[in-house]
Amino acid sequence: MSQFDVHRRENPRIVFFFWIVLLAGVTLVVGLGWRQLIANQKYEAIEKRQTERRILKPGPRGDIYDRKGNLLVGNRPHYSAVVYLDDLRREFRSEYSTIIRAERERLKELYDATPETGRTEASLIPNYNELQWVARQNVIQGYVDTINRITGRADTVSTKEIIRHFNEQLLLPLVLVEDLKPDEYARLIEQVPVQSPIEIHTGTARYYPYDGAAAHALGYVQNVYPDPEEIPDDGIKTYTFKTQEGKSGLESFFDDWLSGQIGTEIWRVDPLGFQDSLLEQKTPVQGQDLVTSIDIDLQLAAENALGDRTGAAVVLDVRTGEVLAIVSQPSYDLNDLSPFIPRKIFDSINERGAWLNRAVQLSYPPGSTFKLITAIAAARAGTTSLNTEHDCQGVYRVGNRIFRCHARNGHGIVDEAAAIEGSCNVFFYAEGLRMGIDVLSAEAKRFGLDKKTGIEIPFETGRLVVPSMEWKRGEIGAGWVPGDTVNTAIGQGFLLVTPLQMATVMASIARGETRTQPTLRALTAEAAAEVRHGGESIGLTLEQRAELWEGMERVVSPYGTGRLIQIEGLRIAGKTGTADFRAHGENVNLAWFIGTAPVEDPQIAVAVMVEGTSASDRFQGGSTAGPVAKDIFLEFIEQYPERAGF
Amino acid sequence: MAKLRLDKVKPLVALGVFLAAWWVIPTTVKSFMQVSFAEFQAPAWVATSYLDDLEGFWARRSHSKVELIEAGRDLARIKSLYQFNAQRNRTLELEVERLEAILNLPSRREFRYEVARVIRRDLSAWWQHLIIRKGRDFDIPVGAAVVFSGGVVGRVVEVDAFTSRVELITSPNFRIAARFEGDERPVVYQGAPQSGFGDPVGSVRDAPQDIMASRQAPLQLVSTRLGGSFPPGLSIGRVTWLEPGSSGIFQAGQVELDPRLLSLHEVAVLISLSPTDSVNNAP
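Going down the list, the sequences are from chains A and B. If you count by our numbering, then the first sequence holds residues 1 to 646, one letter each, in order. If you count by our numbering, then the second sequence holds residues 1001 to 1283, one letter each, in order.
It should be emphasised that the hints constitute simulated quantities derived from the structure, not laboratory data. All residues carry an ideal CB built from backbone N, CA and C; glycine is no exception.
Not the full set, but computed from the structure, chain B residues with beta-carbon under 10 Å of chain A:
#1 Arg1155
#2 Val1188
#3 Gln1190
#4 Pro1208
#5 Leu1226
#6 Gly1227
#7 Ser1229
The calculated lysine to any residue pairs, modelled on SDA-like cross-linking and capped at a C-alpha distance of 25 Å, are:
#8 B:Lys1134 to B:Ser1036
#9 A:Lys181 to B:Arg1185
#10 A:Lys181 to B:Pro1232
#11 A:Lys282 to B:Asp1210
Listing some non-contacts, in silico: residues in chain A with all C-beta distances to chain B over 12 Å:
#12 Arg352
#13 Val398
#14 Gly412
#15 Gly483
#16 Ala546
So here's chain A without its partners, still in its complex pose (with noise of 0.2 Å):
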């Protein structure tokens, strides 16, 4: 019999507390059971958001090389000092309790020299929080002080940026001074001990060893944080540090192929946050190497070719449609980007909007270029053949209008291959009209010139015009006029083409193809030899073929209007252009030349564009343009004898 037992035969009272006592220990045994052994799970989740911290560390993105093997883009170190808040918390500690002993005397002068009238309790009281962040921004800014003393340099940091690592990025390192050179990392290395809280850390910046070579297909990259999708959702909260994304060129194409892998870090930390124990890690892994069609002899040769002036230049190889070269000026330093882009080169670049890719992203009238395309589709149509002969006075009328040729005296009688060869409008004109516009209009539309190319560069323009009845209707609403056909003949009117287009152009004529399918990844053997560019036939006879190529070839002859481009010993055949346009207000003058070579077993496709806007200059294709492919030319011979049949 226990105690109680008395106690209840005395007062049944107490009988009713008994079990209030029992059913409170029975639901505490419940309740501990509960979550013990059927909630544990619940629990376990909440912990482990409450203690475990998980670091998203990007691997490092892959390289990117041109079809001989040389690097193009490759990662280079990115040196920065940086410390873990964690190693300074006795130091602020020490540091805040100075602050506040200085900070309570300061207060109790002041309180002392005010009249007891004016004197408040409160004004005693030190702004603790206030001086929590002078204390840490003091002691950081120590170590930075220590890095500039070693460097030379002149960094600060401010509290602003101590008071957002803390509140988000408290388990990662806090940059004290990014973009070390390798003398300053080597001295810091050196001079600071072993020791200190002061890490010298080792990240990856892109790195370009041609510097702008080929800037706009290769493209650029911004550091920015990973894609929330790729942190796992389980509830750990997650530090990333930043990655490297792909904005433009093949580095945005090919993004996911040149990302790394994400490593990840999970901590356990203690209840201020701050790390206590590595509990899992997973090292991040580089991303794949991208081989690129790119020749880097011909991409140079060809940016040398056309140096400051404004434009474009593309270099197909005929055969498979890969890129060998692709220029577009003005261009930038890409190393002046990595590994972020300064507000001032980003303004700069932006003045002389050499952001814009001219070879893919802007559309341009052909001029005399799109010739070519009249002759093909006149001669397939029947309008015009091999005795088709025109007299060029050197004016054209069309109804109340004048065409003028460039021949202020005009060219006399000529067949196709003169009008090609000396780039007659008047030949041109007159056979325009005799097809009309919708033959012309769906020639160009065979070879694929009212759409995309569909190469590996984002943002390629979709403001491309193939003029045809409907769409001056659509797109102006006005009728079409036989002033339009004649103008479309020659490349000009509504007319709008890229540079690349024109030289995949240039690539299917050589190999007698509708279609050329431009990539910019090298192709293996066996890929080459399957290349299927996805058009049909050009569809003329053999005697048609001739007089189209012996017309193209008579351009870069001696009294062609491509005699410039002459390579003794290489035979050329292409076509020059001029055209004039309106952009930004102001006429623009443009310089074309399309070409291939050899002509016995064409190799490449050439396109090259430049941009004038002084109407005084000499700015014909021949001139201006031409020199710029013969250079091209003369170091596809350099580059590949055999090909050029040297």
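Knowing the structure of chain A, use the given hints to seat chain B on it.
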């Protein structure tokens, strides 16, 4: 009984009081005491080293005349070889100076040297130090590079009146910027904990991925001028393997150091001629 117990804990109490007093003593006093202790010990070390030299001298005196004559002959040969090399170096130096003058280049002579005897080795798992017999009396500065015929020895970390303490390249607290021979990209060399019986080793990190090292084709790690304290091209050690580091792009590996490092008798301290190159260690 109680008195007996108090007697037993007296040493512990004394130790506690001493530690408490040491804890509250200002840092300046502690530093002063440490320096005083070192200065107090130094004469004994210096005297011991002179006695060692004397012992060696008398040991050599005990050799027969024939042996001494032969040794003297060998010495004369070696001396003349060194004199010849010194003359050749001097000629080359003058030629370099002449070319520098013609091309208006700044002088590359950046260091003078002080040869010093090693009087004590303080080698443990935690620290690896040498005490050399020259200090402030020869203007040895803190941070000066210390070398020997096999390459880098270490760096001066403490200078007393007549002695200096050198942190050996094997010490885990020793770190310098380096590069692989034939490659200009900087890497980091750092000492590593020593096993005690094997040859000395260090570690290298931040090596670019395209660098390959193997036992058949080891790489030579050499110093670089970038850091400011060492002249370029001094041998640090040999790297026979590299493996990917945690960054996923740089490699890390082990550096095999010269075994003679642990039995050196004489070293040279390189003193920078440029006052701006003085090394101030950060906290």
